[in-house]
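Chain by chain, the residues:
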Amino acid sequence: AQSVTQPDIHITVSEGASLELRCNYSYGATPYLFWYVQSPGQGLQLLLKYFSGDTLVQGIKGFEAEFKRSQSSFNLRKPSVHWSDAAEYFCAVGQGAAGNKLTFGGGTRVLVKP
Amino acid sequence: DSGVTQTPKHLITATGQRVTLRCSPRSGDLSVYWYQQSLDQGLQFLIQYYNGEERAKGNILERFSAQQFPDLHSELNLSSLELGDSALYFCASSVASSGGWQFFGPGTRLTVL
Chain A
1 AQSVTQPDIH ITVSEGASLE LRCNYSYGAT PYLFWYVQSP GQGLQLLLKY
51 FSGDTLVQGI KGFEAEFKRS QSSFNLRKPS VHWSDAAEYF CAVGQGAAGN
101 KLTFGGGTRV LVKP
Chain B
115 DSGVTQTPKH LITATGQRVT LRCSPRSGDL SVYWYQQSLD QGLQFLIQYY
165 NGEERAKGNI LERFSAQQFP DLHSELNLSS LELGDSALYF CASSVASSGG
215 WQFFGPGTRL TVL
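Chains as they are written, first to last, in the working numbering: chain A, 1 to 114; chain B, 115 to 227.
Hints are not guaranteed to be accurate.
No farther apart than 25 Å at their CA atoms in a straight line, the calculated lysine to any residue pairs in the SDA-like style are these [claimed, not checked]: (1) LYS171(B) - PRO184(B); (2) LYS61(A) - TRP215(B); (3) LYS49(A) - ILE9(A); (4) LYS123(B) - PHE104(A); (5) LYS61(A) - ARG140(B); (6) LYS49(A) - ARG140(B); (7) LYS123(B) - GLN42(A); (8) LYS49(A) - GLY172(B); (9) LYS123(B) - GLU88(A); (10) LYS123(B) - SER39(A); (11) LYS123(B) - GLY41(A); (12) LYS171(B) - TYR27(A); (13) LYS171(B) - ASN24(A); (14) LYS49(A) - ARG169(B); (15) LYS68(A) - GLY106(A); (16) LYS123(B) - LYS113(A); (17) LYS61(A) - PHE104(A); (18) LYS49(A) - GLN155(B); (19) LYS49(A) - GLN151(B); (20) LYS49(A) - LYS123(B); (21) LYS113(A) - GLY16(A); (22) LYS171(B) - THR30(A); (23) LYS171(B) - LEU46(A); (24) LYS61(A) - PRO220(B).
These are computed hints drawn from the structure, not numbers from a lab.
Chain A with its partners taken away, still in its complex shape (with noise of 0.2 Å):
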């Protein structure tokens, strides 16, 4: 069965720092990958997605996120964070043929010091 492990369940980073969340998946096909935020309060909101093609997604609110098969992660990165990006994280892998179905990891919650 899949699953997707988020290591991290909090995350404290300086406004201004980079930032990079962690994602291993566990899929038996070539996987749909997403990460989706979670502001306080709000629904969740994606942030980028993979299917194929180049492994470096690019995504909104200057996000960017890495496949590697090899080691069967997705991780999640933004150069300098802002204040307005404290919220959680989660990484879900789309199973199924069809891509579908999404199994959420944990979540990462990010606190951002000013």
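We have chain A already, so just place chain B on it with the hints.
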């Protein structure tokens, strides 16, 4: 604003009761998905409908059911509610039935007392 609407925003009810959560997808989206987010289980996929038909099923309890109507809105029915059903229930929609990215609504927070 994702374009997905959910009502009500909050729902407080008692054990044993039945509730209905409603979702309207983005204009043009044919797929609707339901998810449950709880502290214990995290975010879990429940069920997907595409153009009125059930397309995929996840960890949905037998006490829960869903449907998608001809106008594409969807309802999630939760019955014989238990304390453990307290959670945030999200609806998401996408254009396609597969592989596409999903747009999430703001959620319905259900509290079972």
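Okay, the hints, checked on the actual structure:
no.	hint	result
1	LYS171(B) - PRO184(B)	20 Å, holds
2	LYS61(A) - TRP215(B)	17 Å, holds
3	LYS49(A) - ILE9(A)	21 Å, holds
4	LYS123(B) - PHE104(A)	23 Å, holds
5	LYS61(A) - ARG140(B)	22 Å, holds
6	LYS49(A) - ARG140(B)	19 Å, holds
7	LYS123(B) - GLN42(A)	11 Å, holds
8	LYS49(A) - GLY172(B)	21 Å, holds
9	LYS123(B) - GLU88(A)	20 Å, holds
10	LYS123(B) - SER39(A)	16 Å, holds
11	LYS123(B) - GLY41(A)	11 Å, holds
12	LYS171(B) - TYR27(A)	18 Å, holds
13	LYS171(B) - ASN24(A)	24 Å, holds
14	LYS49(A) - ARG169(B)	22 Å, holds
15	LYS68(A) - GLY106(A)	20 Å, holds
16	LYS123(B) - LYS113(A)	31 Å, violated
17	LYS61(A) - PHE104(A)	21 Å, holds
18	LYS49(A) - GLN155(B)	24 Å, holds
19	LYS49(A) - GLN151(B)	21 Å, holds
20	LYS49(A) - LYS123(B)	28 Å, violated
21	LYS113(A) - GLY16(A)	9 Å, holds
22	LYS171(B) - THR30(A)	21 Å, holds
23	LYS171(B) - LEU46(A)	22 Å, holds
24	LYS61(A) - PRO220(B)	20 Å, holds
Hints 16 and 20 from the earlier list are contradicted by this structure; the remaining hints agree with it.
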